[in-house]
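J.: Below, each chain spelled out in residue letters.
Protein chains: 4
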Amino acid sequence: MKIGFIGLGNMGAPMALNLLKAGHAVNVFDLSAQVVQALVDAGAKAAGSPKAAVTDVECVITMLPAAAHVRSVLSADDGVFAGIAKGVTIIDSSTIDPASVKAFAELAVQHGNTFVDAPVSGGTGGAAAGTLTFMVGGSADAYEQVKPVLSAMGKNIVHCGDTGTGQVAKICNNLVLGITMAGVAEAMSLGEALGIDSKVLGGIINTSTGRCWSSDTYNPMPGVIETAPSTRGYTGGFGTDLMLKDLGLATDAAKFARQPVYLGALAQQLYQTMSTKGAGRLDFSAVIKLYRKDGKDGKDGKDGKDGKDGDAS
Amino acid sequence: MKIGFIGLGNMGAPMALNLLKAGHAVNVFDLSAQVVQALVDAGAKAAGSPKAAVTDVECVITMLPAAAHVRSVLSADDGVFAGIAKGVTIIDSSTIDPASVKAFAELAVQHGNTFVDAPVSGGTGGAAAGTLTFMVGGSADAYEQVKPVLSAMGKNIVHCGDTGTGQVAKICNNLVLGITMAGVAEAMSLGEALGIDSKVLGGIINTSTGRCWSSDTYNPMPGVIETAPSTRGYTGGFGTDLMLKDLGLATDAAKFARQPVYLGALAQQLYQTMSTKGAGRLDFSAVIKLYRKDGKDGKDGKDGKDGKDGDAS
Amino acid sequence: MKIGFIGLGNMGAPMALNLLKAGHAVNVFDLSAQVVQALVDAGAKAAGSPKAAVTDVECVITMLPAAAHVRSVLSADDGVFAGIAKGVTIIDSSTIDPASVKAFAELAVQHGNTFVDAPVSGGTGGAAAGTLTFMVGGSADAYEQVKPVLSAMGKNIVHCGDTGTGQVAKICNNLVLGITMAGVAEAMSLGEALGIDSKVLGGIINTSTGRCWSSDTYNPMPGVIETAPSTRGYTGGFGTDLMLKDLGLATDAAKFARQPVYLGALAQQLYQTMSTKGAGRLDFSAVIKLYRKDGKDGKDGKDGKDGKDGDAS
Amino acid sequence: MKIGFIGLGNMGAPMALNLLKAGHAVNVFDLSAQVVQALVDAGAKAAGSPKAAVTDVECVITMLPAAAHVRSVLSADDGVFAGIAKGVTIIDSSTIDPASVKAFAELAVQHGNTFVDAPVSGGTGGAAAGTLTFMVGGSADAYEQVKPVLSAMGKNIVHCGDTGTGQVAKICNNLVLGITMAGVAEAMSLGEALGIDSKVLGGIINTSTGRCWSSDTYNPMPGVIETAPSTRGYTGGFGTDLMLKDLGLATDAAKFARQPVYLGALAQQLYQTMSTKGAGRLDFSAVIKLYRKDGKDGKDGKDGKDGKDGDAS
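Chains as they are written, first to last, in UniProt numbering: chain U, 1 to 313; chain B, 1 to 313; chain L, 1 to 313; chain W, 1 to 313.
Do not take every clue at face value.
[Stated by the list, open to error] With a Cα cut of at most 27 Å, we get these calculated DSS-like pairs of lysine-lysine:
{"hint": "1", "chain 1": "L", "residue 1": "51", "chain 2": "L", "residue 2": "86"}
{"hint": "2", "chain 1": "B", "residue 1": "155", "chain 2": "B", "residue 2": "199"}
{"hint": "3", "chain 1": "L", "residue 1": "86", "chain 2": "L", "residue 2": "147"}
{"hint": "4", "chain 1": "L", "residue 1": "147", "chain 2": "L", "residue 2": "45"}
{"hint": "5", "chain 1": "U", "residue 1": "51", "chain 2": "U", "residue 2": "21"}
{"hint": "6", "chain 1": "U", "residue 1": "102", "chain 2": "B", "residue 2": "199"}
{"hint": "7", "chain 1": "U", "residue 1": "86", "chain 2": "U", "residue 2": "102"}
{"hint": "8", "chain 1": "L", "residue 1": "245", "chain 2": "W", "residue 2": "199"}
{"hint": "9", "chain 1": "U", "residue 1": "255", "chain 2": "L", "residue 2": "245"}
{"hint": "10", "chain 1": "L", "residue 1": "199", "chain 2": "W", "residue 2": "102"}
{"hint": "11", "chain 1": "L", "residue 1": "51", "chain 2": "L", "residue 2": "2"}
{"hint": "12", "chain 1": "W", "residue 1": "199", "chain 2": "L", "residue 2": "199"}
{"hint": "13", "chain 1": "W", "residue 1": "245", "chain 2": "U", "residue 2": "293"}
{"hint": "14", "chain 1": "U", "residue 1": "102", "chain 2": "U", "residue 2": "255"}
{"hint": "15", "chain 1": "U", "residue 1": "245", "chain 2": "L", "residue 2": "102"}
{"hint": "16", "chain 1": "B", "residue 1": "155", "chain 2": "U", "residue 2": "199"}
{"hint": "17", "chain 1": "W", "residue 1": "147", "chain 2": "B", "residue 2": "255"}
{"hint": "18", "chain 1": "L", "residue 1": "277", "chain 2": "B", "residue 2": "277"}
{"hint": "19", "chain 1": "L", "residue 1": "51", "chain 2": "L", "residue 2": "147"}
{"hint": "20", "chain 1": "U", "residue 1": "199", "chain 2": "B", "residue 2": "245"}
{"hint": "21", "chain 1": "U", "residue 1": "102", "chain 2": "U", "residue 2": "45"}
If you're looking for bench data, these hints aren't it; they were derived computationally from the structure.
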């Protein structure tokens, strides 16, 4: 299949690579010449604009940081709508707000195209391994149509419902994730202050009603889970600033839907505080630093690799 | 073994019954003549006071609503310390604050006894089935000593560390539980308002990073998990007022330890609001009623059986 | 002076009327023919579009519900920029986010105009009486230029700093207001539950360190302040949905500035809950209904006049 | 009048001094020989125990850190009840929980005495100057009886209602205070981040609906109010740990009364975080340090004099 791929960041580049490996012909566009060249070396064809990337393709995939970028890539003079043929489906794997998805879908209909939201979980690790989960919003027909393409990049291709529900699923899951992580951080810190061994406490929670991914897989207390970012200085993983972005989308969506999100709004403030104090690039489980007494973490809260190199969510 | 058992409530009565079934001789005391008679009918010996219940026994077990009751049962003129022989161990399975545990343990030492905290999880279902989890705080010797007795009433007998750490484990687990339940309630309500099918959303969360007991076993949105209290009108389960009590213990312990518990303190307010508005006896997953738009739950928030008849925590 | 006035809602209409009373010639535009006619009856000249309203004027004033309306009024084909002469100043008295202000100001510069943000406080009462406070963001020159025009509609014309700072002042003040009102509601409800007379408690707070406008002027407990909306069933005043809008702007601005706003985000959830449960049109002091036990307020939370007819903020 | 005074801390010592100045004969007791000697030098008579201090007096005044101290001073073998004559009134000016007040009042009745709660506001400055406010809980008769004695130490002697309502008034006022201070800190920090001058913003808030003592008298942003602790490095004033104690009392009272206190519980966490991070002795307005970006406050959050030397609340 001939595919136009726009947005070759930490996630987009390995995704496009997997499309090439699966035998697809891929036109790529990104503002960074360096990442474009890496894909060209792997067999992609470089395009000078989104418009150029989507001319004559059978499918368009976008993977961009925020709704504003998607809007620009779609509607600019040299954008997707300027070059795309009628009937071609646009798959947007960016994580953006559901209201923007609906607006883009209407624009697509006006141009004779279909717009499907398909945000992912699985991080850069899943992107490289081709084991991402895609949460797809669109009609049953559209889902069936995009499933084969997405299968080259992911393991689970889940149909969430109509247009926008892919984003809703992603946002709601990460809302729970942001809350549970901060909740586990509170409980583990409280337990530490009250004198229980962290491994014992983790073990009890993980076999009881408090069990959750944030405790049994990504426990924020160093040493409880050997493979968690907390045990390697909160490096790698899912960056605090990315969690902050997703909680921002969740609270925005809640405002749009006129729904209260008490714990979500508070969790957002906790990650914002981490970011404001300079720890935005640490794994989001570093939120536990807000709770532990000074000197107990052996870190200054400012180191850590780029949080984007994550393997969570 | 000859055991004195004090406190025959919804949890204590089936626990004492299991001791009888295991062949122990059990002296029982409770303020309610009715529950005492039920145990006597099953083979227990009624005692007229805590003092009378513990004379000549090899082990004392208390299962009471709050620290004030434990204090009174221990120290009253006709209390445990007035009748207990030196060297006998007192096992308190009540859920109380760790600071009180330490005070009771010191009193016990002064009387030549050992005090072990052993709060439970598993609810009245686990108490009846003998499948409770006991979280034991005390020395390694004390743990080895009480393990056989507790095994007649529970399946998992976990040694948490020194005196008080059993309570710390219970409190910290339920802190996570109270937060995750409210967090899942927010996310499921937000998803509903944004138009995603609740079963689809539940399915995604339960296989992703948001997965937790509050979502995959006790999901607060009716219909997502067939066996959850939400699907039977929030009856049975773990009562809102009991969760409120445990979050009260958690925030008290945090105050004592001078630790912040942002989400825990906020979750406490949410369950308090439920209780203040008359829903204290519903299962704690009914907290989702705070989020869903009126008319969507088909309930007035005031029905439901006694929340004490729970099978969670 | 010849002025174009766009947006004749509950606030805009009386403001335009005061301009007429001061002797200005006013072109008016609004989507509602009815409100336009009322102004025409008072001496204004009706315009068929924003473009038509601003042709040949010396000053343009906009008073609109949200940033999206301002954007449309400015940039539509028959919008302000299509008709305005170079050098004319646009005064926007809408309450919108500071980032949009800066975007509009840049557009204005491109068209050879100056854009000044001048949101108001004082409510519909102040608008009618011509006693509004205007918080002006713009250069010192621009401030001096708009001051005489604004003086026809308000009593205090405050220069807040550069473009956008008028909105910052408005948003930050209302952030404090939303928090203090909910805080006073908590304290008055707690005092009531603990048995102190509400008037006595109000009196103590109002002469002590807890004193604030939300207590000494707008106390949410009925009967404490005779002239407060709480004493007349939470009618009139400043509507819950308007406070919710302003807290939405504050939390959006905080997200933009990467600043935590813990209490603001939580207060937003409280007003959102009121709105979700159907009380959005009551005065925002009705937030106390979330705290008082059922049956103590004699209201069902759904009555009340349109919150827009307010005299606060 | 002959008075027994127990508790000569930062508040108690100057209060006892003012009784001496007013011509009363005062027996004093404190665990610190040094503070007792200072009072003896001023004309007081030292007592070796609370019992000794209250023998033959016409009135007893206690000023102690917490309810546990009051309980001990009243009920110990050499305590107040062991020495006091029937009919003598006990005035407790400590800040403690209303439930303890009621328990102490019942004990007093059993001994033939009257117990009046009379917590103060005005800080050490007001204690020295004799300008404290006393919030008195007790019968109208008891109020009339204690008023002359309290007038030697304070300016406003307010009758709040029955026993315990003095504490309720104090706690509810400080609940509002703790919330408004953190709210003002959020708004001033947000304004700073958004580029408005802090003095301008403070001026607008202080003449608008956001005005409150925490902004117009004790503004947490340095330089806005010249006489505020923020302008002198957060020294002096009302210590963070004291505010934390009072919010602890408020949330405890709310738990007792089964009332939600959303903002109060969250504010408690903010001051707890300050204390946990080492800033407990700074004035409570230092809570703004949680919000401002690093490097903007020129402080490390750990300096500052003893927060007890306060002039607020």
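J.: Now, for every hint given, state plainly whether the structure supports it.
T.: Going down the list of hints, with the structure as the test:
Note on residue 51 of chain L and residue 86 of chain L: the hinted pairing holds, with a Cα-Cα distance of about 14 Å set against a maximum of 27 Å. A C-alpha spacing of about 33 Å is found between residue 155 of chain B and residue 199 of chain B, which places the hinted pair above 27 Å, so the restraint is violated. Taken as a hint, the residue 86 of chain L and residue 147 of chain L pair is honoured in the structure, with Cα atoms around 20 Å apart against an allowance of 27 Å. Of the supplied pair hints, the one linking residue 147 of chain L and residue 45 of chain L holds, its CA atoms being roughly 23 Å apart against a limit of 27 Å.
Taken as a hint, the residue 51 of chain U and residue 21 of chain U pair is honoured in the structure, with Cα atoms around 24 Å apart against an allowance of 27 Å. Between residue 102 of chain U and residue 199 of chain B the CA atoms are separated by roughly 22 Å; this keeps the pair inside 27 Å, and the hint holds. A C-alpha spacing of about 19 Å is found between residue 86 of chain U and residue 102 of chain U, which places the hinted pair at or below 27 Å, so the restraint holds. Pair hint residue 245 of chain L plus residue 199 of chain W holds up; C-alpha atoms about 26 Å apart against a cutoff of 27 Å.
As the CA atoms of residue 255 of chain U and residue 245 of chain L are separated by approximately 9 Å, the hinted pair is consistent with the 27 Å bound. For the hint linking residue 199 of chain L to residue 102 of chain W, the alpha-carbon distance of about 22 Å falls within 27 Å, and the restraint holds. Restraint check for residue 51 of chain L and residue 2 of chain L: satisfied, since their Cα atoms lie roughly 15 Å apart, inside the 27 Å limit. At roughly 34 Å between alpha-carbon atoms, residue 199 of chain W and residue 199 of chain L are farther apart than 27 Å, so this suggested pair is violated.
Only pairs whose Cα atoms come within 27 Å are accepted, and residue 245 of chain W paired with residue 293 of chain U is accepted, the gap being roughly 19 Å. Restraint check for residue 102 of chain U and residue 255 of chain U: the C-alpha separation of about 16 Å stays at or below 27 Å, so the hint holds. Restraint check: the Cα-Cα separation between residue 245 of chain U and residue 102 of chain L comes to about 23 Å, which is no more than 27 Å; the hinted pair holds. Taking the CA atoms of residue 155 of chain B and residue 199 of chain U, the gap is near 21 Å; set against the 27 Å cutoff, the hint holds.
Restraint check: the Cα-Cα separation between residue 147 of chain W and residue 255 of chain B comes to about 36 Å, which exceeds 27 Å; the hinted pair is violated. In summary, the hint linking residue 277 of chain L to residue 277 of chain B is supported, as the alpha carbons are separated by about 14 Å, within the 27 Å threshold. A distance of roughly 24 Å separates the Cα atoms of residue 51 of chain L and residue 147 of chain L; the hinted pair therefore holds under the 27 Å criterion. Note on residue 199 of chain U and residue 245 of chain B: the hinted pairing holds, with a Cα-Cα distance of about 26 Å set against a maximum of 27 Å.
About 31 Å separates the Cα atoms of residue 102 of chain U and residue 45 of chain U, which puts this hinted pair outside 27 Å; it is violated.
In this structure, the hints that do not hold are numbers 2, 12, 17 and 21, in rising order.
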